[in-house]
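Peer 1: Chains as they are written, first to last, in the numbering used here: chain A, 14 to 481; chain B, 19 to 532.
The set of hints was computed from the structure by calculation and includes no laboratory data. Among the hints, a few may not be true.
[What the hints assert, rightly or not] Away from chain A, derived, C-beta distances all over 10 angstroms, residues of chain B: (1) F35; (2) G230; (3) D263; (4) E282; (5) K530.
[As the list claims (entries may be wrong)] Listed next, the stretches of chain B that the computed footprint assigns to chain A, with coverage defined by at least 3 CB atoms under 8 angstroms from CB atoms of chain A: (6) 41-52; (7) 99-105; (8) 120-126; (9) 162-168.
These numbers were taken from a predicted model, which means no experiment stands behind them. Where is the CB? At the ideal position from N, CA and C, for every residue including glycine.
Residues per chain, in single letters:
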Amino acid sequence: MASHSEKRSDLFDQPITVINIGLTGFSESLRQQGVPVIDVDWRPPPEGIPRLTHTKSGASIEEANKETARRIMAGRPEIVGLDLAKHVIPGMSERTILHAGPPIHWERMCGPTRGAVMGALVYERLARSPEAAAELSASGEITFDPCHHHHAVGPMAGIISPSMPVWIIENAEFGNRAYCTLNEGLGKVLRYGAFGEDVYRRLRWMADVLYPTLAAAFERAGPIDLRAMIAQALHMGDECHNRNRAGTSLFLRAITPAMARTCEDGERLAQVIEFINENDHFFLNLSMPAAKAMLEPAEGIEGSTILTVMARNGTDFGIRMAGDPDRWFTAPAGIVEGLFLPGFSADDANPDIGDSTITETAGFGGFAMAAAPAIASFVGGTAQDALNSTFEMYEICYTEHEHFSIPTLDFRGTPMGIDVRFVMETGILPKLNTGIAHKDPGIGMVGAGILRAPKECFIEAFEAIKNW
Amino acid sequence: MAIGFVIRKNQYYDSVFLMGVNKRLSQNKGVLQTAVLMASEKNKQLLADIGIYGDQIVTAKPNDLIVAVIAETPQVVDTVLGGLDQALLALEEKVLVSLLHTLNDGLAKKPHANLAVLTIPGEYVFREARKALDAGLSLFIFSSNVPVEEERKLKELAAEKKLLVMGPDCGTSILGGVGIGFSNIINRGAFGVIGPSGTGLQEFTCQIHNAGFGISHAIGTGSHDLSDEIGGITSFQALDALEADPQTKVIAIIAKPPGRKTLERLIARFKLCGKPVVSCFLGARMDSFEGGEALTWTTTIDDAVLAAIQHVGEKPTAIRIELTHQERELASKSRADWAPEQRFLRGLFAGGTFCYQSQQILGEAGIVVHSNAPLDPHYKLADPDRSSEHTLIDMGDETYTLGRPHPMIDGTTRRQRIMSESRDPSVAVLLLDFILGFNASMDPVGELYDAILEAKQMVRQQGGELTIVASICGTKEDPQELDLQERLLREAGVIVFQSNAKAALFCCQLLKHV
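Starting from the given sequences, assemble the full structure and let the hints guide the process.
Peer 2: Written as structure tokens, this is what we have:
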């Protein structure tokens with residue numbers, strides 16, 4: 014890999030330092046002689062996986078991936094403001110509903126996505142009831158499209174409807190923008206497929222109180238640097254996907270003075286502060302579009318085998334590569350090995366869902382598990398398990414992040430840039446942690462857990478690379 | 019059904035952690051449902067939804083921990099709640115294995131690594147070795163069965179990058195005093211040695227050490243390096259390195275005869291070398307070479323050692339090893355105990371080089387020897403398991419090591435063969451080798467000890483005497499304790515030599531008049 018290319022010293026006049034790949038007996042005898050040695054628990058690559066170095070057309074994959082990594086890490090996502098989806102998201106009509114993951118028709122949508130669509134249509138007053146909304150959805154009058162086709166991302170069902178307020182994130186280095194809704198909180202919420210009066214009431218409050226308060230504050234305060242905020246949150250116990258407590262606190266700390274100056278109604282201001290403060294995942298809807306904004310400039314680099322998208326719609330899991338940015342490779346979404354809220358069990362769980370794996374794609378989230386020992390229960394319970402989880406992901410990533418680091422690993426950069434080639438060579442699939450939605454529409458969150466990305470879409474992507 | 023709960027005041031836990039605790043508690047036998055949560059208003063509502071109420075719950079604060087259990091019996095509730103402290107800690111100890119699965123991962127941990135040691139199956143070697151070279155690491159490749167084409171590509175790439183590929187099929191190297199693979203504990207000194215064979219290098223370095231000298235570097239090149247397909251890429255690099263190395267005063271090369279073209283290039287290179295070179299090409303005829311002033315040609319490792327030592331101007335001794343008078347006497351005495359039908363020698367070797375060198379020495383004495391790894395293809399055994407007349411078997415050959423440990427690591431196959439040979443009434447002599455050092459069996463003599471006693475006993479019962487001759491390759495510093503190994507052999511009635519060449523010479527003496 015790129016970072017190890019410096020000239021090595023002569024074996025004959027320098028002490029040797031050994032990497033032992035295979036039998037540990039050999040390393041044991043070296044250790045007895047005081048030689049620094051590290052063991053690699055090598056495993057054979059899956060059968061028939063060649064090392065791809067160049068595309069058929071002759072492009073160097075190494076060079077392409079180097080450029081991809083450079084662009085992703087050079088990105089500086091900033092919150093520049095908020096607006097309604099229909100005003101800012103390109104290609105968003107009054108009858109467009111955006112969803113998480115790869116493209117999908119109403120007929121194949123999973124329960125929680127359907128529930129969220131139904132809830133959103135009622136919220137938009139396009140339907141009077143969830144039942145009417147389902148009918149409307151099936152009629153073909155509603156355009157369903159992935160968030161990712163519109164520079165947007167959405168957690169869980171990831172539903173964005175036209176009148177929802179969205180964050181506007183701008184990559185200051187490249188000028189591209191990304192969008193995401195505001196986080197509703199946990200439990201019975203739209204993104205987990207819930208609908209009903211509580212859900213609509215909260216969404217309306219968000220549009221009527223939260224959104225204008227934040228928007229006014231941003232007009233006054235100017236942009237907030239999200240790359241710096243994510244970097245800090247990683248040093249405070251977040252991995253910015255399933256733990257966002259530090260990020261949320263940092264955001265609140267940064268925006269509160271401007272809100273206090275621009276919001277004249279003290280009660281409204283208090284409600285907004287309480288809402289953000291009580292929602293540990295408020296920052297997720299900022300870390301996600303930040304990741305999206307960082308990844309998009311790498312789209313279209315010829316020969317690059319690094320992922321720019323990894324997303325699920327609750328039915329399918331999909332990936333896209335920088336070298337072929339519009340093509341989805343999909344496979345059935347996996348079953349989450351979960352920890353469940355009281356009263357729920359694995360029988361209630363919908364398969365893997367949401368765009369939030371954009372965080373892992375950008376080099377944090379579950380890949381930075383080592384930074385977030387508080388949620389180590391996802392990966393086995395101990396702080397060591399959290400470290401191991403991150404160590405494993407280094408093996409499938411192209412490089413280590415220049416700006417995001419992990420204190421407990423002596424500030425080593427996070428694993429950055431999932432390389433389809435490394436996934437195939439090592440047989441190690443990306444490890445994802447995620448919330449779990451109830452499989453039926455209208456219920457909401459039932460737990461959280463962990464799973465691997467499905468192998469099939471990586472196999473297909475790898476085959477496609479061979480023909481580039 | 020029974021319900022119970024406890025409230026821990028001001029004990030804050032992250033909700034994900036608590037979900038883990040909840041999972042562990044719910045796995046207890048007889049538990050119907052558990053809830054482990056902080057007492058937020060929302061969570062209290064949740065508890066009410068599943069039927070858990072109480073005044074204490076109403077007054078609990080968001081920083082209080084609530085653990086509720088619904089179980090088949092009150093006993094289960096008590097047990098689960100009683101074990102709560104354990105559950106809050108319960109993170110089992112795990113066995114530490116290497117968490118690193120790829121070379122790149124190893125590099126991240128040891129960015130200054132300059133050598134990768136590979137012992138993985140041959141078919142995967144190219145790919146991993148390639149990555150190591152790309153990352154600027156030299157290689158020690160123990161793995162065998164690497165296609166020659168791949169070996170050449172690796173070695174050419176390495177030469178371009180000024181890196182070294184020791185192997186594939188490389189058993190031994192000593193770099194700056196550090197033994198890699200099968201190697202002994204050897205003093206540092208003025209002698210540099212190059213060779214494709216692990217046991218050849220071990221024998222040379224041990225003898226140098228045992229003679230009171232030392233080794234600068236011993237560079238294993240892999241068994242195919244001197245073939246014309248590879249052309250000695252590593253050997254030439256090693257020669258350059260030893261020539262440039264200020265510590266090295268004399269350079270030795272120990273090998274089977276190289277490919278013809280490679281040999282010509284080697285000889286040309288030797289002539290240009292600024293340091294004295296001693297060559298030992300086992301099995302080659304000395305008269306086929308023409309050397310210059312600085313070149314010494316030998317045909318046994320022992321002679322190479324003697325010649326090398328003479329180059330540093332110390333201890334002038336005989337050019338060729340020979341048996342002492344006492345040793346010749348001992349041979350006659352041993353022979354006298356044989357039964358009339360006892361005539362043949364059987365050699366069972368752990369070290370391939372020892373099998374080869376012994377064939378050469380016996381051959382020079384005019385004794386025809388069969389082998390599974392013959393010097394002369396004419397004498398190849400049809401079935402390696404069936405000895406014929408004088409037979410020397412390389413027990414480290416693939417036939418004996420496929421799916422089984424090498425005889426240097428485990429004595430099982432040799433033990434069995436010792437027994438079957440001693441049942442053959444025509445057998446008079448067993449020739450064995452014992453190799454000490456890192457990675458070899460920790461008690462090589464001990465592993466064969468009972469078999470040796472039993473074999474001798476069996477032949478004695480038939481009215482004869484089995485003469486067992488052995489060599490030990492090792493130093494007093496080796497972990498196996500050379501003295502102890504040697505004493506064990508002598509106690510078992512074995513005639514012991516510190517060199518394989520001498521042991522083979524002794525066998526010639528034994529067989530001379532048979």
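Peer 1: Hint by hint, note whether the structure agrees.
Peer 2: Hints and how they fare:
1. F35: Violated, since 5 angstroms does not exceed 10 angstroms.
2. G230: G230 of chain B clear of chain A: closest Cβ-Cβ about 22 angstroms, beyond 10 angstroms.
3. D263: 6 angstroms, violated
4. E282: 27 angstroms, holds
5. K530: 42 angstroms, holds
6. 41-52: That given contact holds, which follows from 3 residues of the segment 41-52 of chain B lying within Cβ reach (below 8 angstroms) of chain A.
7. 99-105: Coverage by chain A is violated here, the residue count being 0 at a Cβ distance below 8 angstroms.
8. 120-126: This one holds; 7 residues, not fewer than the three required, reach chain A with a Cβ under 8 angstroms.
9. 162-168: violated (count 0)
In terms of the numbered hints stated before, the structure departs from hints 1, 3, 7 and 9, listed from lowest to highest.
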